[in-house]
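> Single-letter residue listing:
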Amino acid sequence: MINAIGISILLVYMIILIAIGVYGAKVSLKTSEDYFLASRNLGSIAVFMALFASNITAFTIIGHAGFSYEIGYGAYGYVIGWSIFITPFTYYLVGYRSWLLGKRYGYATQPQVFGGIFNSKLISLLFLILLLYYTLPYLVVSIIGGSLALSTVTEGLVPYWLSALIIIGVSLIYTLPAGMRGTVWTDIFQGTLFLVVAIFLLSAVARALGGFSEITHQIVLDNPAMLERGVSPELAPINWFSYAFINSIAVIVFPQIYTRILAARSSINLKRVSLYYPLALAVIFGVSTLMGVWGSVAIPGLVGKEADNIVPLLIHQFLSPFWMVVGLVIVLAIVKSSIDSQLLAVAHLLTDDLFPRLKKITSQQAVFWGRIMLLVFAAIAYYVALIQPAAILSIAGFAFSGFSVMLPVMIGSLYWSRANKYGATAALVFPAIMLHLWYLRILPQWTTFGFMPVFPSFVLAIITFVVVSFLTPAPPPDQSKKTFGLFDRVFK
Amino acid sequence: MTFKTRFIVVILIVAVMFILHNSFWLWDLDSQVPLLFGFMPFAYSYYVGYALLSLLAMKVIIDLAWPDPPEDVTEQFTDKEHSKQ
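Protein chains in written order, with the numbering used here: chain A, 1 to 492; chain B, 493 to 577.
Just so you know, these hints were derived from the structure itself, not from any lab.
List time: in silico DSS-like cross-link candidates among lysine-lysine, alpha-carbon distance up to 27 Å: (1) A/K121 with A/K482; (2) A/K482 with A/K360; (3) B/K551 with A/K492; (4) A/K492 with A/K482; (5) A/K481 with B/K496; (6) B/K496 with A/K482; (7) A/K360 with A/K30; (8) A/K481 with A/K492; (9) A/K492 with B/K496; (10) A/K359 with A/K121.
Pulled out of the complex, with its shape left as it was, chain A reads as follows:
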């Protein structure tokens, strides 16, 4: 199946990644700021591709295509519609103000930014715990999804355990020596690769199926329900509305995304990213949607999880083995570019926010411990991805919702000078508990009034934050001035 040309493509791809890692390590300074934030010197293209590549996971090309196979064209708007606008908007709403504070006070993570705003070690600790709690299962699920995808694309030639090992191992090759710089450089390479190749792949599939118009007319004749959003129970308006509170607004809360925003060189870089981000999201999910819907007519009859294989099946049945290798490289690129950033974010949080609570460490020691943490968590993630414990998978099922529910505290802290640490503490803890009670079905379903649990939890977070802040003493003036004095000078 994979001939000499295929092996050559894979080798070239791997060599480029290794070269980036080696060169990145060579030019890196031995400081924590450089290892975890690339010295806050990322330009527009670097920030753009770093955010985009970290944001796109195996779900985009595998899971979303499978969902589109079952649901139709409506999957496009349901999954990514609101994200197209709101995700880049949150880069402005939360990202820019956080970036200002980071530049001014040296903050490098959410625990530092929000702990710093309220001058509270408790807030800092709560952010640390919640971010690790949601990121680790999400990381494991990303590895599981990526490994299954890799195994499927190679038709089992690379078994699941080896796929996971390859994905983690190759990610470490450049992340370990070069830190953020390594992940960002590879993101530029891999992000460009999968954005461009996905479009070529779509064209190749379209040609093989008779052309864009031909396949669409066949859908209109054979399965017209694919065109209509109103006929799918999954796309019921209440679900459509609720889903807007899950994946789209969670992105800015992901530590791997947030940290990359803090690493931008200037305000202009962030503006460019926010401006063009909608197009990149629309293109990659647009390709995935079309492949899924076309697949429903080209290869009908797939049910449940089988539908997730639609992209590899289309490539296998209608294209040459060359495209199989190209598909393999895309899957590897997509999966690794999100996993490497998640691993680095976890190592960063522990090294920068947990270790200093236990022992004073120098910047150089932080780099050393960061690398150790990367190795330790890569090993743990690999082990957990192999045994797939039910508890971890269960938490991962609502990790996105968990991230989303933290957003009201982040926005409120950056915009409302009357907000205080009591309100923030209550608004981080109480909605997180309610989210668990709803998702784990401890509370009856009717208590969400038909919405997905994320929506009532999100509303509860806002109410809790406002009410508790008002009922408790206002923050000291000099503490507010530290944050809002800075903002007053910029936002005039």
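Start from chain A and add chain B according to the hints.
Structure of chain B alone, referenced to chain A:
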């Protein structure tokens, strides 16, 4: 126009974009509007248009309410003695 007023305009833009995303009253058009470019049904082409509108909305927001930090403030950013606390 003060920043507060400009920010209210930004919030209104966000509200309009949210309403346009939840435009359930347009779903009846899914089966009625002809395919755009011969292969894009309404449920799909609507979000292609939405992406272009998002770009425009972000452009307005950036021009309206995203000021660059003044130069003297930027200079302070390099002041590492204030780092972290």
